[in-house]
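Spelled out from the first residue to the last, the chains are:
Number of protein chains: 2
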Amino acid sequence: MSTTTFAEVTAVTPEAPGRFTATVSPAWTIGGKPNGGYLLALLGRAATADATHPDPLAASAHYLASPDPGPVTIEVEPLRDGRAIGHVRARLRQGDRTCVEALFTTGRLGDTPAPSWEGNQPDPGTSDLTAGIRVPAMTPSGIPVAIMDEVDIRLDPDSTRFATDGPTGRGELRGWLTLPDQEHFDPQSLLYAVDAFPPATFDIAPTGWVPTLELTVHVRARPAPGPVRVLHRAHLIDDGWVDESCHVRDVTGRLVAHGTQLAGIRLP
Amino acid sequence: MSTTTFAEVTAVTPEAPGRFTATVSPAWTIGGKPNGGYLLALLGRAATADATHPDPLAASAHYLASPDPGPVTIEVEPLRDGRAIGHVRARLRQGDRTCVEALFTTGRLGDTPAPSWEGNQPDPGTSDLTAGIRVPAMTPSGIPVAIMDEVDIRLDPDSTRFATDGPTGRGELRGWLTLPDQEHFDPQSLLYAVDAFPPATFDIAPTGWVPTLELTVHVRARPAPGPVRVLHRAHLIDDGWVDESCHVRDVTGRLVAHGTQLAGIRLP
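The listed protein sequences derive, respectively, from chains A and B.
The first sequence stops at residue 268 when you use our numbering, and every number in between is there.
The second sequence stops at residue 268 when you use our numbering, and every number in between is there.
Just so you know, the hints here were simulated from the structure itself, not pulled from any lab data.
Since the model is a prediction, treat every value here as computed from it, not as a measurement.
It is possible that part of the hints are untrue.
[Said to hold, decoys possible] Partial list, computed: chain B residues near chain A (C-beta under 7 Å):
1. Gln121
2. Met138
3. Gly142
4. Ile237
[To be verified] Interface residues of chain A toward chain B, partial, derived using beta-carbon atoms under 7 Å:
5. Thr98
6. His235
7. Asp238
For glycine and all other residues, C-beta sits at the position ideal for the given N, C-alpha and C.
Please construct the entire structure, taking both the sequences and the accompanying hints into account.
Structure (structure tokens):
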């Protein structure tokens, strides 16, 4: 049972203009290291705290060093404050070390009932959450994944073959993500959702964790209450790097966030 | 005939530690505004100037304001300098105005002869450059596009229907990109290549230009000499924003760069 809500573990406290404190939860970690999307959500809370532009529309994070669970400082610097959109730089520091720096374009998501146009998208699928198989708090290679005791990730049965029969070679994981206590997603928690799933490369080759180097997120609509459907795919492994994309749809099927990341990988 | 090479229009001159000057070329503009990928390449030259980590592996730019053609300053701040990779913040300023801020993860691209794995990619196509139709220096709606007098973009005949019969609704443009004087692409000019094509949304609806808000590029391999094949696609138009992706392959068919961007769009 979950002991921490997402709102709790991403709370930021203003200390001075442009300066916040926060605590990285030991529960939201993989092998003791905080999830990269979780850290980006922390930065997103701080970057949108002033309420002029309450939503992160685009966020780009570069990961310099992994913070340990515990106290961190978040520094926020407005770069430009326009009428419709703003631009904000945010960085997460622990002691004298910068761990993550991110750029945000902020604004206010509209209330359009549906997109104007959609195309060139992967098949979103029609899987049933209740048929999904929960990702356990341990990887096939034995890394403890504490965060899976917090969030509830249900993979489509067809996406769990990497853990039972071995990788399928498709580099694709599909399923559903639910926050602790079924907390509703908001634009900030979508920054986490695009990085929540296990590496899609687990469906290509068994490896250790795949550390994120760079993560970019576009938040496209305010999600309807409920879990989100996630499609997480790998695209190219070359020279020790892999890029992955993540499509997140709300329960109505609307695409609410898209992420793309570059990560390091050591193939066996 | 071209008057400027890409090397010339992206030259940066060190003025002081972490400070460069450069000149934004009036020839590399669309409706008088510099191309966003061109500006990112300028930042990329400065961000990789110190030669410890000569290649941009990942770059994320947020566009605050469009500079006018003319002199600009580029400020570079190393955020972390590791053994294999570095992290650098770079910003382009004109007068007292920040126009673009970008984060770079830098390193050295390997000499792997081929990727380890590739999947979940759109069909790269087999179009012939010599059959392509050159993009003229004027949009269908009458915006002058000076940059098309510099670079040579040849769209597959099937991708030019937006300009003749009207948009197909597919939101996809395919073709080839050649730099002036057939200059070889390098990792820095690939930062431009992912933003070189006309908006893929021209194949959905005739609009004005589609200004880039955020552009992220992953450079995946050193390109072979020759032109590059480009697949530029739109994915979702919602609430006045569109995301586009761009796959760039060298003449051998290898995926050398991938871009994703969020841009503003006003549908008619």
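What hint numbers does the structure not satisfy? 2, 3
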